[in-house]
Structures are given as structure tokens and as C-alpha cells.
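> Those sequence lines, one after another, are chains A and B. Anchor point for the first sequence: position 133 equals 133 in full-length UniProt numbering, and the numbering is continuous, going up by one each time. Anchor point for the second sequence: position 63 equals 63 in full-length UniProt numbering, and the numbering is continuous, going up by one each time.
Since the hints were made in silico from the structure, they are not lab data. One or more of the hints may lead you astray.
For chains that are exact copies, the list does not tell them apart, and a pair is met inside one copy or across any two.
Unchecked claim - Lysine to aspartate or glutamate pairs mimicking DMTMM-like chemistry, simulated, CA-CA at most 20 Å apart:
(1) Lys280 / Asp298
(2) Lys80 / Asp120
(3) Lys80 / Glu103
(4) Lys280 / Asp230
(5) Lys107 / Glu87
(6) Lys280 / Glu126
(7) Lys107 / Asp120
(8) Lys107 / Asp88
(9) Lys80 / Glu45
(10) Lys80 / Asp122
(11) Lys321 / Asp158
(12) Lys36 / Asp120
(13) Lys80 / Glu346
(14) Lys280 / Glu213
(15) Lys107 / Asp158
(16) Lys157 / Glu91
(17) Lys53 / Asp26
(18) Lys280 / Asp295
(19) Lys157 / Glu103
(20) Lys321 / Glu126
(21) Lys107 / Asp122
(22) Lys157 / Asp26
(23) Lys157 / Asp62
(24) Lys280 / Asp158
Number of protein chains: 2
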Amino acid sequence: MSEFGIKLNSAHPPRGQVRSRPTMRDVAKRAGVGIKTVSRVVNKEPGVSDDTKAHILCAIADLGFRPNISARDLKQGKTKSLGLVCEDLSEPFQSCLIRAVEEVAIKHGHMLFVASSAGDADREQEAVQALSSRQVGGLIITPARSDPGRLATALPKDSSVVFVDRPAPGLIGDCILADNAGGIHAAVQHLTNHRHRRIAFIGDQPNLFTQTERVDAFRHALQERGLPVDDRMISMQRPDPVTAAATLTDMLNLRDFPTAIITGNALCTFAVLHGLAGQKRRPALIGFDDFAMADLLDPAVTVIAQNAARMGELAAELLFKRLSGAHTGSQTIRLATRLIVRGSGELAP
Amino acid sequence: MSEFGIKLNSAHPPRGQVRSRPTMRDVAKRAGVGIKTVSRVVNKEPGVSDDTKAHILCAIADLGFRPNISARDLKQGKTKSLGLVCEDLSEPFQSCLIRAVEEVAIKHGHMLFVASSAGDADREQEAVQALSSRQVGGLIITPARSDPGRLATALPKDSSVVFVDRPAPGLIGDCILADNAGGIHAAVQHLTNHRHRRIAFIGDQPNLFTQTERVDAFRHALQERGLPVDDRMISMQRPDPVTAAATLTDMLNLRDFPTAIITGNALCTFAVLHGLAGQKRRPALIGFDDFAMADLLDPAVTVIAQNAARMGELAAELLFKRLSGAHTGSQTIRLATRLIVRGSGELAP
Numbered sequence: 001m002s003e004f005g006i007k008l009n010s011a012h013p014p015r016g017q018v019r020s021r022p023t024m025r026d027v028a029k030r031a032g033v034g035i036k037t038v039s040r041v042v043n044k045e046p047g048v049s050d051d052t053k054a055h056i057l058c059a060i061a062d063l064g065f066r067p068n069i070s071a072r073d074l075k076q077g078k079t080k081s082l083g084l085v086c087e088d089l090s091e092p093f094q095s096c097l098i099r100a101v102e103e104v105a106i107k108h109g110h111m112l113f114v115a116s117s118a119g120d121a122d123r124e125q126e127a128v129q130a131l132s133s134r135q136v137g138g139l140i141i142t143p144a145r146s147d148p149g150r151l152a153t154a155l156p157k158d159s160s161v162v163f164v165d166r167p168a169p170g171l172i173g174d175c176i177l178a179d180n181a182g183g184i185h186a187a188v189q190h191l192t193n194h195r196h197r198r199i200a201f202i203g204d205q206p207n208l209f210t211q212t213e214r215v216d217a218f219r220h221a222l223q224e225r226g227l228p229v230d231d232r233m234i235s236m237q238r239p240d241p242v243t244a245a246a247t248l249t250d251m252l253n254l255r256d257f258p259t260a261i262i263t264g265n266a267l268c269t270f271a272v273l274h275g276l277a278g279q280k281r282r283p284a285l286i287g288f289d290d291f292a293m294a295d296l297l298d299p300a301v302t303v304i305a306q307n308a309a310r311m312g313e314l315a316a317e318l319l320f321k322r323l324s325g326a327h328t329g330s331q332t333i334r335l336a337t338r339l340i341v342r343g344s345g346e347l348a349p
Numbered sequence: 001m002s003e004f005g006i007k008l009n010s011a012h013p014p015r016g017q018v019r020s021r022p023t024m025r026d027v028a029k030r031a032g033v034g035i036k037t038v039s040r041v042v043n044k045e046p047g048v049s050d051d052t053k054a055h056i057l058c059a060i061a062d063l064g065f066r067p068n069i070s071a072r073d074l075k076q077g078k079t080k081s082l083g084l085v086c087e088d089l090s091e092p093f094q095s096c097l098i099r100a101v102e103e104v105a106i107k108h109g110h111m112l113f114v115a116s117s118a119g120d121a122d123r124e125q126e127a128v129q130a131l132s133s134r135q136v137g138g139l140i141i142t143p144a145r146s147d148p149g150r151l152a153t154a155l156p157k158d159s160s161v162v163f164v165d166r167p168a169p170g171l172i173g174d175c176i177l178a179d180n181a182g183g184i185h186a187a188v189q190h191l192t193n194h195r196h197r198r199i200a201f202i203g204d205q206p207n208l209f210t211q212t213e214r215v216d217a218f219r220h221a222l223q224e225r226g227l228p229v230d231d232r233m234i235s236m237q238r239p240d241p242v243t244a245a246a247t248l249t250d251m252l253n254l255r256d257f258p259t260a261i262i263t264g265n266a267l268c269t270f271a272v273l274h275g276l277a278g279q280k281r282r283p284a285l286i287g288f289d290d291f292a293m294a295d296l297l298d299p300a301v302t303v304i305a306q307n308a309a310r311m312g313e314l315a316a317e318l319l320f321k322r323l324s325g326a327h328t329g330s331q332t333i334r335l336a337t338r339l340i341v342r343g344s345g346e347l348a349p
């Protein structure tokens with residue numbers, strides 16, 4: 001920063017040169033003041049004149065001094081940061097949730113560090129350990145597995161945790177889930193109201209908690225209405241356009257082909273929409289999760305929308321309550337979903 | 001984890017109870033071994049029998065002991081992690097880039113911590129300081145401002161940095177940018193090949209580096225072809241559907257209304273697509289950045305696609321080279337864009 005007289009291009013040591021980190025003592029020497037005065041400025045304590053402060057800030061900038069927050073905060077117990085471990089931060093639902101968590105964190109003067117598990121228990125364990133050992137104040141986690149044993153060993157005993165989107169049975173911490181069953185029941189109801197009786201479900205991998213809840217609810221909702229549950233009309237696999245196209249071809253070539261489809265998440269909806277492009281039959285469609293452009297497709301896509309932003313906000317608020325000591329124990333909160341009617345879910349059988 | 005005999009539900013201290021973190025000494029006592037043996041197991045050093053190791057791991061799990069990596073790694077210099085500071089991790093281009101960085105980090109046995117600046121220089125400074133003080137091995141940054149003075153003061157002098165998407169003039173570190181001008185020139189060329197002569201540009205806020213590069217290239221490309229540059233056909237503002245609709249109404253009501261539109265990024269494309277929904281005229285459209293569903297809209301959307309994944313991969317690879325000492329100095333790399341022809345960019349004037 002030019003006002004501090006830094007030469008920006010000299011900020012890097014020559015190759016191979018080992019250089020020790022400048023210390024508070026170096027800053028004090030350069031500014032011609034005592035270490036205590038430097039410490040006051042670094043820790044934003046009062047009692048230093050503006051003039052002296054300016055000198056010290058100059059010295060800090062010139063030397064590239066950085067207060068060693070890790071060491072300092074270790075003494076103080078916790079640093080002002082939260083950690084979040086998700087499955088895939090490029091997935092729209094999760095990135096929306098993360099952003100909401102971040103907004104609350106900022107309001108509380110906390111940084112948010114995000115790491116992803118890719119649904120892998122090893123990586124999740126590593127991420128939780130790496131964040132915990134860096135003294136994050138609390139953690140928000142989307143557990144990678146329904147059996148959270150590995151997660152249990154990674155979490156320090158005194159950690160404050162909130163789980164989102166998937167539970168961690170046996171672990172202490174609040175848990176915020178979508179009302180997956182409620183969303184599916186509303187979708188089935190909507191389709192039967194439009195006279196559909198043969199409905200297919202195309203979901204993601206069955207080892208995912210949300211997918212299991214959704215497909216179970218799907219079976220249950222059909223049974224409740226006296227409709228047949230036909231396993232040839234239920235597909236649970238990692239979504240991609242090619243397999244989705246093959247699955248759709250199989251289903252739509254059945255003598256009793258489905259006249260409507262419900263998907264398990266937005267990636268499944270994308271795969272189904274691409275898969276339908278080459279089909280002659282156009283079944284009705286209700287997708288789980290809303291997505292950008294859903295309203296501009298033809299027909300516009302009817303969805304079961306989750307409130308990802310509210311889920312993230314609530315998770316962060318509960319975590320801060322927990323950190324403040326105002327809240328302990330475990331509670332599970334289910335957030336309602338909302339059916340957004342746009343056209344694809346209202347096509348006739 | 002049940003094999004270690006942890007009682008999952010007792011992992012949390014009662015409310016208000018202050019409990020000290022278990023130490024290596026506690027583990028040694030519980031396992032009935034010396035501290036040195038515990039230290040060997042914690043640091044994955046050889047020379048401990050499988051039996052003793054099992055005992056120690058049990059004690060570690062029972063007590064909830066976590067080696068204090070921050071303190072340990074402070075001694076060792078650096079921990080195995082990278083930090084990434086982006087503007088908005090929920091934006092598709094950035095989340096795709098982050099994911100690619102993460103893949104390379106994992107291959108190198110590093111964790112990736114992500115924090116976002118929301119384009120705010122204060123938050124960027126805070127994020128960089130928070131990550132640096134937690135001893136991340138290197139940083140990948142999308143600078144929030146074209147004047148990186150604040151960033152310079154936040155970065156430790158000996159830090160290894162790679163900048164992506166936007167440069168940080170005067171700071172040392174590699175910089176990976178898209179060939180913004182090349183992408184815009186190709187789009188203008190494509191539209192003029194389809195006989196368009198009145199082309200509008202709808203971009204994001206003009207203080208963003210990429211937006212400035214793109215609109216400058218746009219003006220230049222028109223001039224090169226002897227086409228008029230009409231400021232009424234250039235709009236640079238934070239994209240949202242309502243203002244985009246108003247902007248489009250103004251432009252399309254001009255006597256010499258534009259017959260084609262180029263957008264500045266995916267959010268602008270979304271806003272324009274929503275804004276066009278209420279218009280009688282349907283200008284040709286080329287969007288900067290590809291997006292999910294672009295191929296399923298009617299007409300499918302022709303785009304200037306950036307290779308976000310390659311940008312992230314390259315950034316991470318260069319950062320690891322830099323960390324290994326095999327690479328110093330600053331280089332700027334421009335990644336080519338690709339015009340993907342789908343229909344909207346080929347509509348006749």
C-alpha cells in the first residue's frame with residue numbers, strides 16, 4: 001500500500017533464500033518504540049497516540065509483519081472463525097446454503113472456512129481435523145455418511161457442531177433437514193390431482209440420506225393412494241445425461257409406461273431434461289430442488305423447492321447460540337419445502 | 001467410532017462446564033506408556049508395535065485427544081493446506097474453478113480452505129490475514145479490486161500466491177486470466193457474419209476487471225469493423241431481472257434498436273433472458289460464460305465459454321511449483337475462450 005511506503009515488487013524473497021518471519025521485536029525496533037506499544041496497536045487496545053500508531057503501522061507494512069493469530073488465539077482459546085464441511089461446494093443447493101452461512105458469520109464478526117468432503121469419509125475426517133486443529137469456533141457439517149463413526153473420531157470432544165441436510169445419528173449437535181417426505185407427498189398428490197396414476201422416480205445414489213428419504217416417501221405416497229409401486233419405474237443412480245437417457249428409454253418403452261416423473265435432486269432433473277430431449281413421449285415432470293432457468297424452459301419446470309438459504313442461516317444462528325453457551329443438546333429441525341407450479345408438472349397423462 | 005469404545009452421546013461436556021483439552025500426557029497415562037511413544041504414534045513415526053499403537057489409538061479416541069496441529073506446524077513452518085479467496089463461491093464460474101483447485105490440492109495431499117471476499121477489500125484483507133495466520137502453504141486469490149494495495153498489506157512477505165480471473169498489478173505471483181478480448185472479438189465477428197450491424201453490450205458493474213476488459217474489447221471490435229459505438233446500447237450495472245427488463249425496453253424501443261446482444265457474464269445472461277421474456281422483439285444473443293440448461297432453452301443459448309476448470313487446475317499447479325521452489329517471479333497466462341454455437345447467436349437481424 002503506497003501510503004505505507006511498501007515497494008510492492010520487493011515483497012518476495014529471492015529464490016531459495018530462507019527468511020525468518022519478522023517479529024514484534026523487529027517492528028518495535030524499526031518504529032523506535034517498545035514492544036508493549038506495538039502489542040497495543042496489534043491487539044487494537046487504546047492508549048497509543050495517532051502519531052505513534054501511524055509509525056508502527058508503517059513499520060508493520062515495511063517489514064511485512066503479521067501477528068501470529070494462531071499462537072495468540074491458542075492462548076485465548078478460540079479464534080473468530082467457523083468451519084463448514086460440505087459434500088460439493090459447486091452444487092447449487094450447497095453453494096446457496098454456504099453463502100447464507102457466511103452472511104450470518106460475517107454479522108457475528110467471524111470468517112468462514114469451507115472445505116469439501118466429496119462424500120468421502122476419509123476426506124471428511126481430514127477436513128474436520130484440519131479445521132478443528134486450526135481452532136475454528138464451531139463447525140457446520142453435511143455428513144458424508146449415514147454412519148458417522150469416522151466423523152465422531154475426528155471431532156474434538158468439546159466442539160460445537162450443527163449438521164445440515166443430513167443427520168449424524170448419535171453425535172451431539174443440532175440438525176437441520178428438509179422435510180423430504182412432505183415434499184415428495186405434495187408432488188405425488190399434485191400429479192394424482194392431474195390424473196396421473198403411473199409415476200416414476202429418478203433419484204441419485206441410494207446411499208445418500210436425502211435420496212433414501214425421498215424414494216421411501218415416494219413408495220409410501222403411492223401406496224397411500226392405492227397406486228402400484230413398480231420397481232421398473234424407480235431408478236437410483238449417479239445422475240448423468242447418458243444413463244438418464246437409457247433409463248428413460250427403458251421406462252417409456254414399457255407397456256404401462258409412466259406418464260409422470262419425480263426426480264431426486266437438481267442434478268437428476270438436469271439429466272432427465274437432457275434425456276427427454278430425444279424422446280417422443282413427454283411425461284409430466286416435477287423436480288426436487290429449484291434451479292436457475294427452470295422458469296424459462298419450455299415447459300417451465302415445476303419443482304419441490306427447498307429453502308437452502310434459510311437452512312444455512314438457521315444452521316449458523318444455532319451454531320452461534322451454541323457457541324455462546326445459550327444452547328446445548330441436540331434438536332432436529334425440519335424445514336418445509338414448497339411446490340412451485342410452472343407447467344411441466346401439470347401436463348396431462 | 002464403536003471399535004474405539006467411544007460413547008457418542010457423552011462426547012459433549014454439560015452446559016457451562018469448562019473442560020480443558022486433553023493433552024498427550026493424559027493419553028500416555030491412560031495407555032500406560034511414555035509420552036514419547038504417544039508422540040511417535042501421533043506423528044506417524046516408526047518404532048511402535050501394533051499392539052501398543054492400538055492401545056494408544058484407543059486412549060486417543062476415548063479422551064477425544066487432538067494433536068494441536070497449529071502449534072506443531074508453527075514450529076515446522078507450514079501446514080499442508082492451501083487457501084483460496086474468491087468473490088462469491090456460489091457463482092457458477094467460481095465454484096467450478098474452486099472445485100478444480102481442490103482436485104489438484106488433494107492430489108498433492110493438501111486441504112483447501114475457501115473464504116469469500118464478496119468483492120469487498122476489507123473482507124478480502126481479513127480473509128487473507130485469517131488464512132495466512134493459519135499457516136496455509138499458499139494462496140489463490142481473485143483480487144477484489146484493481147488496486148491491490150490493501151491486499152499487499154495483508155499478504156505476508158514470504159507468501160506464495162497465484163491470482164486468477166483478475167490481476168493484482170505490482171504484486172508478485174502468477175496470474176491466470178481468460179482471453180476476454182479474444183472472446184468478445186469472436187462474438188462480434190460471429191454476429192457480423194450473421195449480418196448484425198447494431199449490437200448491444202449488457203455487462204456487470206464497470207469496476208470489475210473482467211467487465212472493463214470485455215466492454216473495452218466490445219467497443220474496439222465494433223470500431224475495427226467500422227460499426228458505430230452507441231452508448232445507449234451499452235449498459236454496465238449489477239445484473240438483476242428488473243433492471244435488465246427496463247434496460248432492454250429502452251434499447252429495443254430505440255429507432256435504431258439493436259438486433260443482437262452480447263452479455264458480460266452468466267448473471268447478465270440470466271437477467272437478459274428473463275428480461276427478454278416480456279419483449280416483442282427477440283434479438284440474437286451471445287452470453288459470456290456457459291451455464292447449465294443453456295442447450296435446452298429455446299432458442300438454445302450461444303455462449304463464449306471460459307474454461308473455469310482449467311483455470312483452477314493451472315492455478316493450483318503453478319502454486320505447487322512455486323511452493324516447491326521450482327518457480328518464482330510473475331507470469332501472466334491468458335486462457336483461450338471458445339464460442340459454442342447453439343441457436344440464439346444465429347438469429348437473423
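> Are the hints correct? Go through all of them and say.
Each hint tested on the structure:
1. Lys280 / Asp298: For lysine 280 and aspartate 298, both the intra-copy (15 Å) and inter-copy (18 Å) Cα distances are at most 20 Å.
2. Lys80 / Asp120: between (28 Å within a copy, 19 Å between copies)
3. Lys80 / Glu103: within (14 Å within a copy, 28 Å between copies)
4. Lys280 / Asp230: Neither. Shortest intra-copy (22 Å) and inter-copy (46 Å) distances fail the 20 Å Cα cut-off.
5. Lys107 / Glu87: between (25 Å within a copy, 17 Å between copies)
6. Lys280 / Glu126: neither (48 Å within a copy, 55 Å between copies)
7. Lys107 / Asp120: Answer is between: at 15 Å across copies they meet the 20 Å cutoff, but 31 Å inside does not.
8. Lys107 / Asp88: between (25 Å within a copy, 17 Å between copies)
9. Lys80 / Glu45: Cα proximity of lysine 80 and glutamate 45: one copy only (17 Å, versus 33 Å across).
10. Lys80 / Asp122: between (26 Å within a copy, 16 Å between copies)
11. Lys321 / Asp158: Result: close within a single copy only, 15 Å intra versus 38 Å inter.
12. Lys36 / Asp120: This pair counts as neither: shortest intra-copy Cα distance 48 Å, inter-copy 32 Å.
13. Lys80 / Glu346: neither (49 Å within a copy, 53 Å between copies)
14. Lys280 / Glu213: Classified as neither; 31 Å inside a copy, 45 Å across copies.
15. Lys107 / Asp158: neither (24 Å within a copy, 31 Å between copies)
16. Lys157 / Glu91: neither (30 Å within a copy, 35 Å between copies)
17. Lys53 / Asp26: Answer is within; shortest intra-copy Cα gap is 15 Å, inter-copy 44 Å.
18. Lys280 / Asp295: Between. Shortest inter-copy distance 18 Å satisfies the 20 Å Cα cut-off; intra-copy 22 Å does not.
19. Lys157 / Glu103: Result: close neither inside a copy nor across copies, 27 Å intra and 30 Å inter.
20. Lys321 / Glu126: neither (26 Å within a copy, 24 Å between copies)
21. Lys107 / Asp122: Answer is between; shortest inter-copy Cα gap is 14 Å, intra-copy 32 Å.
22. Lys157 / Asp26: between (39 Å within a copy, 14 Å between copies)
23. Lys157 / Asp62: Result: close only across copies, 10 Å inter versus 42 Å intra.
24. Lys280 / Asp158: neither (58 Å within a copy, 62 Å between copies)
Hints 4, 6, 12, 13, 14, 15, 16, 19, 20, 24 from the list above are not met by this structure, while the remaining hints are.
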